[in-house]
Amino acid sequence: MKLSCLQENLAKGLSIVGRAVATRSTLPVLSNILLATDESRLKLSATNLEISVNCWVGANVTEEGAITVPARLLTDFVNSLPPERIDLSLIARTQTLNLRCGRYEANIKGIDAQEFPIILVPEEDKASQFATADLAKMIDRVVFAAATDESRPVLTGVHTELTPQGVTFAAADSYRLSVVSSPIPKAPAERISIIIPARALQELRRISGEAESVTMLVSSARNQVFFRMPEVELISQLVEGTFPDYRQIIPTTYNTRMVATTADLLQALRMAAIFARDAANIVRLQILPNEGGMGRLIVSATSAEHGDNVSELDVTVEGQPIEIAFNVRYLLDALEVIDTAQVALETRDPTSPGVIKPVGGQDFVHIIMPMHIAR
Amino acid sequence: MPIRILSPEVVVRIAAGEVIERPASVVKELLENAIDAGASEIAIEIAQGGRRLVRVSDNGCGIPANEVELAFARHATSKLRSAEDLYRIQTLGFRGEALASIAAVSRVTLSTRAVGEEAGTLIRLEGGRILHREGQGRPPGTTVAVENLFFNTPARLKFLRSDTTEAGQVARLVSSYALIYAEKRLSLESNGRLVLRTLGTGSLYDVLVTLYGLDIAEQLIEIPPFTEEGITVSGQISAPSLHRANRRDILLFVNRRWIQDTSLSYAIGEAYRTLLPQGRHPLVVLSLTLPPEDVDVNIHPTKQEVRFRRQREVFTVVQRAVRTALMRQYPVPVAQIPGPSAASRLRAGQDWRALFAQAPLPVNPEEVGHRVPLEAPLRAEEPQPSGRLPMLRVVGQIAQTYIVAEGPGGMYLIDQHAAHERIRYEELRAQRAGQGVASQELLDPVAIELAPQQAVLLEANLQALLAYGFEIIPFGGNTFLVKRVPAGLAPGDVSTALGEMLEAALEGKEGFSWEDQALITLSCHTAVRAGKALSPEEMRDLVRQLERTALPHTCPHGRPTLVHFSQAQLERQFDRR
Numbered sequence: 001m002k003l004s005c006l007q008e009n010l011a012k013g014l015s016i017v018g019r020a021v022a023t024r025s026t027l028p029v030l031s032n033i034l035l036a037t038d039e040s041r042l043k044l045s046a047t048n049l050e051i052s053v054n055c056w057v058g059a060n061v062t063e064e065g066a067i068t069v070p071a072r073l074l075t076d077f078v079n080s081l082p083p084e085r086i087d088l089s090l091i092a093r094t095q096t097l098n099l100r101c102g103r104y105e106a107n108i109k110g111i112d113a114q115e116f117p118i119i120l121v122p123e124e125d126k127a128s129q130f131a132t133a134d135l136a137k138m139i140d141r142v143v144f145a146a147a148t149d150e151s152r153p154v155l156t157g158v159h160t161e162l163t164p165q166g167v168t169f170a171a172a173d174s175y176r177l178s179v180v181s182s183p184i185p186k187a188p189a190e191r192i193s194i195i196i197p198a199r200a201l202q203e204l205r206r207i208s209g210e211a212e213s214v215t216m217l218v219s220s221a222r223n224q225v226f227f228r229m230p231e232v233e234l235i236s237q238l239v240e241g242t243f244p245d246y247r248q249i250i251p252t253t254y255n256t257r258m259v260a261t262t263a264d265l266l267q268a269l270r271m272a273a274i275f276a277r278d279a280a281n282i283v284r285l286q287i288l289p290n291e292g293g294m295g296r297l298i299v300s301a302t303s304a305e306h307g308d309n310v311s312e313l314d315v316t317v318e319g320q321p322i323e324i325a326f327n328v329r330y331l332l333d334a335l336e337v338i339d340t341a342q343v344a345l346e347t348r349d350p351t352s353p354g355v356i357k358p359v360g361g362q363d364f365v366h367i368i369m370p371m372h373i374a375r
Numbered sequence: 001m002p003i004r005i006l007s008p009e010v011v012v013r014i015a016a017g018e019v020i021e022r023p024a025s026v027v028k029e030l031l032e033n034a035i036d037a038g039a040s041e042i043a044i045e046i047a048q049g050g051r052r053l054v055r056v057s058d059n060g061c062g063i064p065a066n067e068v069e070l071a072f073a074r075h076a077t078s079k080l081r082s083a084e085d086l087y088r089i090q091t092l093g094f095r096g097e098a099l100a101s102i103a104a105v106s107r108v109t110l111s112t113r114a115v116g117e118e119a120g121t122l123i124r125l126e127g128g129r130i131l132h133r134e135g136q137g138r139p140p141g142t143t144v145a146v147e148n149l150f151f152n153t154p155a156r157l158k159f160l161r162s163d164t165t166e167a168g169q170v171a172r173l174v175s176s177y178a179l180i181y182a183e184k185r186l187s188l189e190s191n192g193r194l195v196l197r198t199l200g201t202g203s204l205y206d207v208l209v210t211l212y213g214l215d216i217a218e219q220l221i222e223i224p225p226f227t228e229e230g231i232t233v234s235g236q237i238s239a240p241s242l243h244r245a246n247r248r249d250i251l252l253f254v255n256r257r258w259i260q261d262t263s264l265s266y267a268i269g270e271a272y273r274t275l276l277p278q279g280r281h282p283l284v285v286l287s288l289t290l291p292p293e294d295v296d297v298n299i300h301p302t303k304q305e306v307r308f309r310r311q312r313e314v315f316t317v318v319q320r321a322v323r324t325a326l327m328r329q330y331p332v333p334v335a336q337i338p339g340p341s342a343a344s345r346l347r348a349g350q351d352w353r354a355l356f357a358q359a360p361l362p363v364n365p366e367e368v369g370h371r372v373p374l375e376a377p378l379r380a381e382e383p384q385p386s387g388r389l390p391m392l393r394v395v396g397q398i399a400q401t402y403i404v405a406e407g408p409g410g411m412y413l414i415d416q417h418a419a420h421e422r423i424r425y426e427e428l429r430a431q432r433a434g435q436g437v438a439s440q441e442l443l444d445p446v447a448i449e450l451a452p453q454q455a456v457l458l459e460a461n462l463q464a465l466l467a468y469g470f471e472i473i474p475f476g477g478n479t480f481l482v483k484r485v486p487a488g489l490a491p492g493d494v495s496t497a498l499g500e501m502l503e504a505a506l507e508g509k510e511g512f513s514w515e516d517q518a519l520i521t522l523s524c525h526t527a528v529r530a531g532k533a534l535s536p537e538e539m540r541d542l543v544r545q546l547e548r549t550a551l552p553h554t555c556p557h558g559r560p561t562l563v564h565f566s567q568a569q570l571e572r573q574f575d576r577r
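Protein chains in written order, with our numbering: chain A, 1 to 375; chain B, 1 to 577.
Each hint should be verified, as a subset may be incorrect.
What the hints assert, rightly or not - What follows is a set of in silico ranges between Cβ atoms, one per label pair, in the way DEER data are often shown:
1) A/E323 x B/Y266: 40 to 48 Å
2) A/P153 x B/A430: 32 to 40 Å
3) A/T23 x B/E571: 32 to 40 Å
4) B/Q400 x A/N107: 28 to 36 Å
5) A/E323 x B/R544: 30 to 38 Å
6) B/Q400 x A/H306: 24 to 32 Å
7) B/A430 x A/N290: 46 to 54 Å
As the list claims (entries may be wrong) - Coverage of chain B stretches by chain A, computed from C-beta distances (three or more under 8 Å per stretch; other residues unrestricted):
8) 441–449
9) 487–494
Keep in mind that the hints were calculated from the coordinates and are not lab data. It should be emphasised that the depicted structure is a prediction, and the values quoted were computed from it without experimental measurement. Quick reminder that beta carbons are idealized off the backbone N, C-alpha and C, glycines included.
Excised from the complex, chain B in its bound form (with noise of 0.2 Å):
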């Protein structure tokens, strides 16, 4: 077969699928340009997923007439000058590929009315070619509709997947440049049916009551601008107490684009460690802003994926700011007693927004968590947003599992096995990184039996388990000798602790080495048992020594070590008010 060049049409079609791959890419790249356009109201609708059309509105600055064919021309824009540009890229947008790539495979209506113009312009392509152009008056602003999308290319057409899916893809998308945007009105309309609405009140807060709901936003961290080298991370976390079985919810935005990068979601991942449940993720909405030369936007046509220039530097520093925002404002978990809470109340009435347009908040503010308005008199009760734990006074212990203890915000349950986990988890943690882990000879040994597997690999991790207090012969066949371990270890629970360590490593869970696996292991063998009846002097030392842990709420696991009863919940539930 001969070489050919291929003809234009062509070639249009293959660059059109590199970016236009469903829906939610059309929406993406036209909501980037109202962006672009500096708009602050955009109205995005779609009907069947967004197969049969994608209108996005807007009130930005529009397209001069005798530009409007030129906007559908490929490589044609008006945010690049020249290649110097490409390299300090401020806009989303900046390939002059998007209008012409959507143009080929739909018919697309646009209509635009630039500020300063008399008179608007609407013109109307199918397939990239201009089929009718007209005036029109309009306000400013642009509206583009993109019907019939993939209509001469049936094979995207067929990868398609359900309305309902692809509805959902917009959906997320609009959400993620919601948070982000929060400045701007955005509105999604499927199908004829408000999806959703901000309010553009800049408050990154807000849009996520708007998406998420006052439940979920009243559990989240504020992450203040943290700068360092150059890089300022902030945003909004969740706290340990909530948590995804996905990484759906881990949103990340570099100079205000959404994008997706597995390290940083790993560098996240890693600032949680130990203080979520294993296979759970966090929710998070993140925001890096850095200078535009240290990031290149321009690795994939939907520039869904960046590269940073210093990629270690941003890794740290996004790890460093939310374990630092999570260490020092990681609020007690506040037991949930059913009845009808601020939040249950509002979504009932569906009238939350006439509600939070009053200013103070006209709900409890214990009810919000830390996000009090700082207008609000904070009450004396009231939990102060501190990762440290407030002062406890030890009240009692409840089936020899929980002790009770009472605080300046009321009342405290404490999970004592969770709780000395922790502490045990960090000293050893300390001990593995200092001195070294401390360990007691046995005055017999135990000898143990294992799985040929277990036995195959705790052969091979002797060495390893030395520093951690083991000391184990082989004893022929699959069977140890355990001549030393880690101080506290009650020699019944050597074998299960060890077993538990070699499960762990052929796991080999998601998350977790294998030498943190071996620390939780032993700190929760190590720690006290639930049942133990512990005298009122040992529950003060627990309780003293939990304050002192530097993520006290948590154990390794990640389950919480306390809840708090607030006073106005106690009093809610004896009708005092």
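Chain A extracted, bound-state conformation (with noise of 0.2 Å):
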């Protein structure tokens, strides 16, 4: 193997598949990297076999071959050099890598190819499509949602819902909810629903930057997602199970509805989650009808050891005053990935779930269960 290419584009290609590379793991290739020519392109793989991705870097290549070398040790040596040329050779005898960067010279004891993981592509049969920057919000607006203790798997993916009409992703730990759905340029003549995994996700979130649009693919197994951009690919496990029925969760009406600035909320919030900190989160909001549609929400939070504190905000209200109480820290997560300007929260009593809806358009419904202090 002999190449050349730009010191800036293969730390690029370097950093997508990085977070990909396993950790800690009993299988020694796996912390490391999978260097290919491909054509007249290097081919940059790796996986921790939950996740692989695989990213193409432009190149020179003089001689086909294939090496596997330690990601930490060849990333933070690419990132260190300066933005040149480098030449990449593998001698084949020792299974090291030689590379050259003007006056700066290193070789890396590499493990032979072959023994990295086969990584499969599905066929392209039911393809659909993205254009990046929806997904990337829809993504954000989900994964949060996801549990990240593995007691039930299936709460750690996201339940993704392919239909002619369009994609909807939807995530759940045992106290809230997030499902949002939207119209796709390209979507599959059959339904198809899957459990993605929300790191899976994030990292396509992560990588998938540059694109315009990603096209999805799911092998005929119903094991594998494919996603692939220009110059990189991305494939996943799904998580295998059945995702709870989450549509029976939505409730369908409410007595108590009232839509507030987003930002002032948000701030309201913030400062409520000081004083919470030390009470389990708790945080109360107090909504008070007053004439015409107007009202008041009061925000209180009460640390029993250090203090509390109370914020009055503006907002209109139609239906009953209310008390509920929220971990703080869940009603920050799902505002805080609302980009509206007003949002809404309906919920029948104290004891029933709050609903948050982002206030014009988009299909957006989080769901979050409230607290209580018992006595």
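Bring the two chains, given one by one in their own frames, into a single complex with the hints.
Structure follows, in structure tokens:
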């Protein structure tokens, strides 16, 4: 293997595949990055057996070949090189990769490319296509709600449903649910329903930055999902199991509906969060209707040890007055991904779910279960 | 059968049976007489567990020659004059029964000389009858030798245990008196072998070193005299790192009288709650001083039990004194690094008495823990004897389980789970007492299935569980739906946590109420687990919160939350000194 490429391109490629490198693996080759020539390009691959990322870097190839080298070492070295041409060559006898850039040179000992797991690419049948900007926004609105504890593995994934009308992503842990839907440029002809690990979507969000669109394929065995962008591919295993029927959890009626300015509500909640920190993150919302659909929202948090905080906001209220408590972290998580000027909170009573919706257009619903103080 | 009045001989033997049960009872009575006589030196000898011989010699005031015979009469005593005195008893004995009872069931030789008399007296009795009496020259004091105990009551004799057991009882008794009469020099010999000897320095700590060894004495916490409601409590108690399988080492003294009292033992157990592993007991030497009229010792002939006029106050004061001492002075357990410690060196040489005669102590202050003599300059690195944690700087995490921290006295290892458990436990307890436990409604109720016995119990306690943040509704059969859980409890842990709480309630673990168990289980399940990587901020926060807890040194199950490696220990390990 003998090739040359530009430092900037190689560094960028390495940062794209870098997150897929296994950090604590018993298989040493998984903490390596595979470098292989692919026609006139250099293909970089990394996998932790759950998520795999391939990235192509423009290169001048003079001799075909492949090798895996430790990810950390290669990345740190390349990142500290000047932005110039790098010459890479493989010393086949010792499986050592020689890098040369200007007056800097390094030899990195590798592991035979044969030992690197083969990443299978599914056949292109049920393709769908997303606009990257929309996809990123949708991912932001659901992944945070996915469970981080592994007790119910399906909840660590994002339920993804593709229909001819578009896509619906849903994620939930035991206390909240996020559902977002959108039409997409190219939808599959039939309904596909899978659970994608939240981690894979987060990674996709990170590396899809420059591409205009993302093509998604699901393997016919329904065990892998494949995202393709120009120069970059991400392949992920899917989560097996049945996602809870979340549609029945979304309330259809409410007794109180409040609309607030998103930025004001965010500020009041951030303040309350400081005081709620030592009190199980509990924040109380008191919604008080006045005449003519107007009303007040009182946000308060109390720390038994340290003090309390109260903020008052002018809001529009429809329905009954109510006092309801939530985990302030969950409220903040949801409000931080809402980009409309106004946001609505709907609820039936202090033990029923709170429903958060952006006001105006977007198809996004977030549900948070309330908290109580047991007496 | 006609009713008859019993012959005096039978009456005496029945009465003797109440007071004298075994050789240890003889030792107790004679020892108390010696103490009441104001002796400063008391030597006790036993042979064959006290069955063949019990001899107690003292240098007390002695018995005047003309009262010697009277001493053996029933209800004859010099300690009490009127009935009113009975309510203000200052002496250990007062019933005037001991000598008479002993004499009734053995062969007794008494030799005595009262202070101020020129000659002493020797008198020999058998089965209560005087056999012989003569004048004798001897130093002031009294020596009583009791031989062939129970020779005339074969039934009693049959019930005695092995010589070793009986000798053990005697040793325990003498040890107890040695502790509370630290100013007297007590010695005990069994079959000619010295079992214990105290120095009579007046310091409880010295006696503890003699009885338990330096290793254990080092781990004791002193209770400085603590007075409330006219009741003064003082003594030494074990740090929670030291515990025993039974309550034998809980020694209680009321007005310098060794007593048994289950209620006070319980008060002490309460004070140690959550500090000791379950089923373990502390080592406690506690001395209570209260006005004599507030204690009734005239309940049982052996005076092992007393009655307090203000039982509840006594209970509270004891509990508070122990708890305060634990909170204020609980030292961080010091890591045990194998190697010759001062204590083991001393033990090996068996010449510690010589060492103790000198001052200051020729051992490293670190090794004696908080018992550094005041004259010895405190070193800067010496951990302060305080219940509060020192300021700790987090260095990092190892094995994703322990936080490494640096403090003024060296290195501290903190078990992240145990530490957080303690924090959560105190939080939950405060919440429970105050505004209530925070709970979180579940998006999707979790169904749990229980064993029939647990199901019945859960069903009966649904209301009680609501106060702990669980809302559970029966779902037919042994299945229940959990709708709401305490904040911070991972949904995956719900059924395990509930299972544990029910298990504990079913077993009814000793000393732990269902409510306490509920809080402990909850704090365990809502605490950060071992094996979780923590960010430096999280670690700092955890340590800061631990510093704020009232009892930062153990988790609610009684395991230690942190271990201390002193600077000196580290230096020794690296051969720097």
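Now the hints, each set against the structure:
1. A/E323 x B/Y266: 40 to 48 Å: Given a distance of about 44 Å, which is inside 40 to 48 Å, the answer is holds.
2. A/P153 x B/A430: 32 to 40 Å: Given a distance of about 36 Å, which is inside 32 to 40 Å, the answer is holds.
3. A/T23 x B/E571: 32 to 40 Å: At 37 Å between Cβs, range holds.
4. B/Q400 x A/N107: 28 to 36 Å: The hint (28 to 36 Å, Cβ to Cβ) holds, given that B/Q400 and A/N107 are roughly 34 Å apart.
5. A/E323 x B/R544: 30 to 38 Å: holds (33 Å)
6. B/Q400 x A/H306: 24 to 32 Å: holds (30 Å)
7. B/A430 x A/N290: 46 to 54 Å: violated (38 Å)
8. 441–449: holds (count 5)
9. 487–494: holds (count 6)
Taken one by one, the earlier hints fail for this structure only at number 7.
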